[in-house]
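> If you want the building blocks of each chain, they are given just below.
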Amino acid sequence: MDNILEVRNLCKTYIVNKRQRHVLKNVNMTIKEGEFISVMGPSGSGKSTLLYNISGMDKMTAGDVIFDGIELGSLSEEKLSDMRLHKMGFVFQQINLLKNLGIIDNIIISAYMAKSKSKKEINQQAIDLMKKTDIIELADNDITQASGGQLQRAAICRALINKPKILFGDEPTGALNSRAASEVMEIFHTINEEGKTVMLVTHDVKVASQSEKVFYMKDGNIVGEYVLGKFKQSKDDIKQREAELSKWLLNMGF
Amino acid sequence: MILKILKKDFLRKKVVTIAVFVFILLAAMLISSGTNMLIDLNNSLEHLFKVSSAPHFIQHHSGKINQDEIDQWSVNNSYVKRQQTSEMINIHGSKVYINSDEAESHSVMDLDFVKQNKSFDYLLDLNNEKIEVNKGEIAVPIYYMQRRDLSLGDKVVIKDGDLKLTFTITSFVRDVQMNPSIISSKRFVVNATDFEKIKDATGDIEYQISFQLNDLDNLRQFSNQYIQSDLPKKGPTIDYTLLKLANSITDGLIAAVIILISLLLNVIALLCLRFIILLTIEEDYKEIGVMKAIGISPPNIKRIYLSKYFTMALSATLIGYLISLFINDIFSKNIMLYIGMAPKTIIEYSLPLVAAFLIAIIVIIFCYFILRRFNKISAIEAIRLGNTGETYSNNERLALYKNKVFNPNIFLGLRDIIIRFRLYVLLFIVFILSTFMITVPLNFLNTIQSPEFITYMGVGKSDIILDIRQSDQIVKEINEVVNYIENDPDVKKYSPYITSQYEIINEEGLPESILVETGDFSVFPLDYLEGVSPKLSNEIALSYLCANQLKKQVGDEVKLLINEKPRLMIVTGIYQDITDGGKTAKANISPDYETASWYTVNVNVNKNVAKKVLEYENRFDDLKVSNPKEYFKQTFSSTINQLKLLTITAIIIAILVTVLITSLFLKMMIAKDRSQIAIKRSIGISLKEIKIEYITKAFVILNLGILLGTVISNTLGERLLSAVLSIVGAPNIEFIINPLQVYIISPIIMIIIVILTTLVSINFIKEFSISDINAE
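Read top to bottom, the protein sequences are chains G and A. So for the first sequence, this note's numbering puts the first residue at 1241; every next one is plus one. So for the second sequence, this note's numbering puts the first residue at 35; every next one is plus one.
If you are wondering where the hints come from, they were derived from the structure by calculation, not from laboratory data. Some clues are possibly wrong.
Lysine-lysine pairs mimicking DSSO-like chemistry, simulated, CA-CA at most 30 Å apart [as the list claims (entries may be wrong)]: (1) K722(A) - K1319(G); (2) K47(A) - K1258(G); (3) K1339(G) - K1355(G); (4) K1359(G) - K47(A).
Values in this document were obtained by computation on a predicted structure and should not be read as measured data.
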């Protein structure tokens, strides 16, 4: 398998009240195409900052990020937007759907902007995605007329509409109840089985235990890596993986 | 606590709070200055009329007079307080040189040389004192001082054949009768000895038979009695009302425009306030909910916010008023020069202050009403359901996926305008007002400069107007001119008109004096407000003001005294006329050469008009030849210049307001949309595409504003101006629109300005990142 993402000596420093705050310190990591990985760590360890920097949403202070063979640091603002639009998908904890658009419009907007297909094809694809995630009956609804879990599924549809190479999730189940969280995780697995790379940032051991590999971050650096192997989606499997991961995390000081 | 909230609120919305403050300040300043100007105008006029001891009724007369008869009539008339007959020597412009080598040949003004009057109608200097000139000295009207940039010591020369009289200017004349440039006669004051010398050598004598009455209320009755008498009346009459109107019209209109601009600025300030308050309510929705939840009563919460606007309105108004005290002189400059300054009274300080505080009161009441929205905020909704009170909403029918026509960014911009139109009201109204502020003065300027404007002066359009002065041999002179023109192969058509004073029987059955023009009105037809021109000898057309006063309409009958016999005339038409106080009539009756006030011949020619004017001037010595364009230029030059200045000022204000409000609006709107923009950026929508959406919004709102603004300017603006000009006799002004200026150049300039402002204002969206939003 080829590497989809390579991070080399990534640093991010913020200046707060004239004082430097090093949030990421020489982070190194590699993700292969088709992998399902999670990044864990205590609050303030730099997990979300890492995600924003490797997706080009935030500007790194130093280091290299190579995504799909392209060095992100060398790209202009416009090219980075283009890269996010065509090759990356995002799912956030706060859901972040556009408030003045209906659910289907929130899903298709990035495809309309990408202009890589006809409007008819895009609309059909959105319908297919909504059927797959079981929100088709909400297509014309306002975002205030859906539950948190349904909105997160709509956000996943939006992330997938341009057939990205990688799907980033920043605490995607953080704001959901356990049932909704499991449903969302099921969708992530389905997507991953279809060959898409998934990278999640999470606090939740149950969520992280369903990934192939877990990176542990502390004080702005990756301090450990634990390989769990492919998830079989059975209740027994999840319990065993959760126990295994908890033990490792305990050792890491989580 | 309240202070803390206010401080936080101010810091959060520094720019927009300052902008609203400045708008209220400017509105207060202008309304205060405008009011001050009106008071100044009124007081100064009163003062000028008092110190110059203005006449109440003046009959101009060319020809012989019998002073004994006048004296006897005056003594026997109980209305008369004082009577005075003054001689004026009218000298043709071609013989007068005012500090120049070139004569006043092309002047449309009658140049009258006079002595200082003895009992009233004094000619004053710039200090409002009676002018006294020595031998060889002259006092020149302010009109020429301004036009020719004259200073004391400059020379005025009268040359006629071998005669050459040189005078040194020692004073300038403030003339209660002939100050305004719209009055086409000007009085020069010379010493009594010089006066006699001029009289013997050149010019024509004209008399001013003036009266002051015991009670001004009897002016109408007196004027009727004079008309019915056998006293001289070969010439126009002027009364006190007309003098006041002529002296105050220009400055009065400017004061009205200043007050209007102040009110427009106040409307903008109110719209800005509405916008800020709505945004504040959205931002503080949760806090307001919490305050309600912990038991603070809605009126108390409202008071916290109201106190901010109360402080702002009062302080801005007070500062505006104080600034106005320093700039009042700039606005009153023209009044000070032409009318002079009356001693200041307490009213002059207090009334503008009251006007300024009116602005503050309007602002506070407005805020009070807007803040009623607080009552609608529910504590439960705000805290438990997390309702933010935001104005975002969706509209299923306008779903993006249903759009087949537009580019998605343009569609999103259009969709937002439709869904959140209430938010765009501020920008929309400001664009309408800006268009109005640019278009109405432009249209008026273009109208007053157009040859068509002559129709508002009760005259049909012609190339040349020949003005023949009343003299003893008038019939001979007219025949000579008419013969010459008739045989001139360059003349396409011509028609002589004779205007005489007649009596018309008014509503109360009393005779009333009226100027009736006689001649063939089909040759140079006039645009009538209603009806057609009179053709038969029992037909008459009345000017708008005259018809109004007589309460007559087309088809009504009116009695006209012709050779002392009443003739029943049918009103065939009503026309607009701003000359001679606006009260004139036209009838196709045989003219009375002897009693005529003036004689004109209108001519249309085949060849170059200027050359023809010169030819007639050289051919006939005593003829005043003008082409209507030139006549206009001189009579309305000061009005046109002031209007040009006003137009430029209005355009600059409109552009500044447009730039300021557009940029403020967009900055606040983008700050409000911050999270939505960050989400778009995070999913890969580029800055360029987001900018297209905002430019679409500004562009569409602007174009809607320009469209509606232009329609309103061309309809309501036209009516507004007509309403103002109906006072002087033109109730139906039709704008002559320069399509290039109004429909192409100004919209293009507005579009360029708004798009540039939008681009600059939305540039900071690149700083928005999803990480900031998620961190909140």
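> Now tell me, hint by hint, if it's right for this structure.
Against the structure, the hints come out as follows:
1. K722(A) - K1319(G): Within the cut-off at roughly 12 Å; holds.
2. K47(A) - K1258(G): 25 Å, holds
3. K1339(G) - K1355(G): Judged against 30 Å, a Cα distance of about 23 Å means the pair holds.
4. K1359(G) - K47(A): 41 Å, violated
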